[in-house]
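Asker: Below are the chains, spelled out letter by letter.
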Amino acid sequence: MIFLFKKLTNRSKNPFKSITMKKIRLIIQREYLSRVKKRSFIIMTILGPVLMASIWIVPFFLATMSDEKKVVSVVDETGVFVDKFESTAKILFVYETDLEKSRADLTKEKYSAVLYICKPTNSIPDHAMLYYSDKSPGIITQSYISNAMQTILKNNLLINAHNISKEDFDLINRTNIKLNTEDIRTGKKSYTEIKTALGIFSGILIYFFIFMYGAQVMRGVIEEKTSRIVEVIISSVKPFQLMMGKIVGIALVGLTQFALWILLTFFIITSLQIAKPDVFKSPKTEQAFDAGQKIPSADQIQLQKLQNQEIKEMLTGIFEIDYGLMILQFLFYFLAGYLLYASLFASIGAAVDSEADTQQFMLPITIPLLFAIIMSNFVINNPDGPVAFWLSIIPLTSPIIMMVRIPFGVPVEQVYLSMGLLILGFIATTWVAGRIYRTGILMYGKKVSYRELWKWLRY
Amino acid sequence: MYLFSAHNITKNYAAHTALKNVSIDVSAQTIFGLLGPNGAGKTSLIRIINQITAPDEGELYFNGEKLKPHHISLIGYLPEERGLYKKMKVGEQALYLAQLKGVPKAEALKKLKYWFEKFEILDWWNKKVEELSKGMQQKIQFIVTILHEPKLLIFDEPFSGFDPINVNLLKEEILNLRNNGATIIFSTHNMESVEELCDNIALINKAEKILDGKVHEIKNTYKANIFEIGYNKQEINFNEIVPQSYEILSDIHQNGISKIQIKIPADEMPNQLIKYLIPHMEMHSFNEILPSMNDIFIQKVNEQKQKSF
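Chains as they are written, first to last, in this note's numbering: chain U, 1 to 459; chain E, 1 to 309.
Any given hint might turn out to be false.
[As the list claims (entries may be wrong)] Straight-line C-alpha distance at most 30 Å; calculated BS3-like pairs for lysine-lysine:
no., chain 1, residue 1, chain 2, residue 2
1, E, K214, E, K307
2, E, K86, U, K38
3, E, K223, E, K20
4, E, K223, U, K22
5, E, K20, U, K446
6, E, K105, U, K38
7, U, K178, U, K166
8, U, K447, E, K86
9, E, K20, U, K238
10, E, K89, U, K238
11, E, K113, E, K128
12, E, K307, U, K238
13, E, K20, E, K66
14, E, K68, U, K455
15, U, K70, U, K38
16, E, K87, U, K447
[To be verified] What the simulated footprint calls covered on chain E by chain U, stretch by stretch (three residues with Cβ under 8 Å from a Cβ of chain U suffice, anywhere in the stretch; the number is not a length):
no., region
17, 71-77
18, 96-106
19, 176-185
Think of the hints as simulated: they come from the structure by calculation, not from any bench. This one's a predicted model, so the numbers in the text were calculated from it and none came from an experiment. Every residue gets a Cβ at the ideal spot worked out from N, C-alpha and C, and that includes glycine.
Could you build the full structure based on these sequences and the hints that come with them?
Answerer: Here is the structure:
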């Protein structure tokens, strides 16, 4: 027996490091698998892409969805608007002269609404009545009618009252300034709108991820503490190893979910594109050509060309961005930002007895993240300013702010500085959190204050 | 040879001292009782043995070597505050905890099947822990604690939450484990089980060890020379029979049996007492009343309380 025992101790002495690694790997594995197998993870993984895809798809569907065609009877006492309204796929304008007859027809549901334009007190008509029965016309119908009236009135004033020639009038209508920006070193256009959208989007995504997975770390720690399994586990592994195993395991869950979301979103969109290609045609085009039974005017064709050109430029702008690099940077800031905060979340979980007690300690975590999100609007407007610089260097805000800045191009040395400081920040918070964690995890039934935490730090 | 020794362990927390110069020696293949009232420092000592926390002063030895992290796999620990992951399946969880102790997966699986069969709980394997009662969970925790066949087992209040049948099952297993070579440190308030199971004890109170030694030796040290005599019912005036230095503690007549307890002076022999009594009664039994561990425990703790006043 003693011989066997000696052999055992000797064997475990040398490969001690690898045994530790094995245990951490076990913890990571459990944390990962127990979450990935959960129903909520599977639901989120499916629901996420459906939501994301629906952001793309729903507007297309809505545009093509034909609800009931509305018939609006126009009773115009001024004569300016007669035959001028443009009927669309959704609204058909008919012109009547007798208001009372129209109103009677309205109650018989022949019309959806009656538009009555009375003789103006001065020369220019400035108000109109829209009568309806039972169903009030929607805000879209209302604004369409009032916009149409204004355009008709303006055109009428310009052409008739001020004697502007038809050519001049068309020219005035066609003015449209497109401001292009270009980097003189690379000759690339800048596509500010796309970069703004991309920057804000990735910033929010990081904010969202840090909170979502950070909270999972915290909840996991609380679960271990309240179920009292933690004492069994830390008699096998060091508290720090348990904490890091949990943090890394959940990071992998996050990466898995992220990857699945991208894959599934891509899959849903492409399969829909293949199944129903007509849905993805620009809805504007159809509507414009569908408008009434009229052949589109030269004006409309011109407008259409302009729109098409804009879309094309948008697309080149989207393809111009170096996505490979951006995704790499995103992954770095997501991971490092998450690691920085996750250990803080873990230490909060260790310090409290239940989730209800976490509120008071959440503030120091919430504030820098929320501050970063609020400041990202400011940073977008001035992506190279001193505020943008400092916030993207300081580790607590840099994961969000740097992601906002990156689409606009950030000097390499700033990126490296920010990354280096973020890694240092992560080491610092993990060190601090580890000390709070290892004391807190064995502390029960004690209302913990910040002063108490400070004491734990110095044990 | 001692399997485990702790020399002069001191542990201070910010507000109080948990352990002050505590030493214990645990011989191989014995059951060692770690006794003491709540908050005495037992759990602090156990955590130090498990290397969950480190002592401020003092040394720990495992089988003659200094206690090192790699000894963890040779120690099994069943904490007083114990739990399991509620949402995890029983088998999966037991396997995980065994692997954390360093048992290879295949071996752990084989051993778990053996123990689950022995405890007749094999059909729980795929149940979630939250579906089990507290007692059922305790069984699983017990199995997980001993699965890696540790040389040193530490049980902190192992019987709390068990019904009497399972307490007996557990006691039997604990004795089996010792007979098969394990050394056991056993922390409890339950003095009855201490007398039944423990070979040696240490009594800790207010961070200090106030008593230790072999259970039967301690009982002998604290015996008060009290004897109980059973006799058939008759009116006897004991004060006339025994000398004045003998103290009559009680004389009870119940259900047709009479029992009397007499305390004799420390330098007298029990034979002398019998000699006094025999001519006057029909004697049915003669026993020495040894103090229970419970009495000794209370006596020692109270003595210390008075000292500190």
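Asker: Run the structure past the numbered hints and jot down the numbers of the failing ones, going up.
Answerer: Checked against the structure, the hints that fail are numbers 4, 12, 15, 19, while the rest are satisfied.
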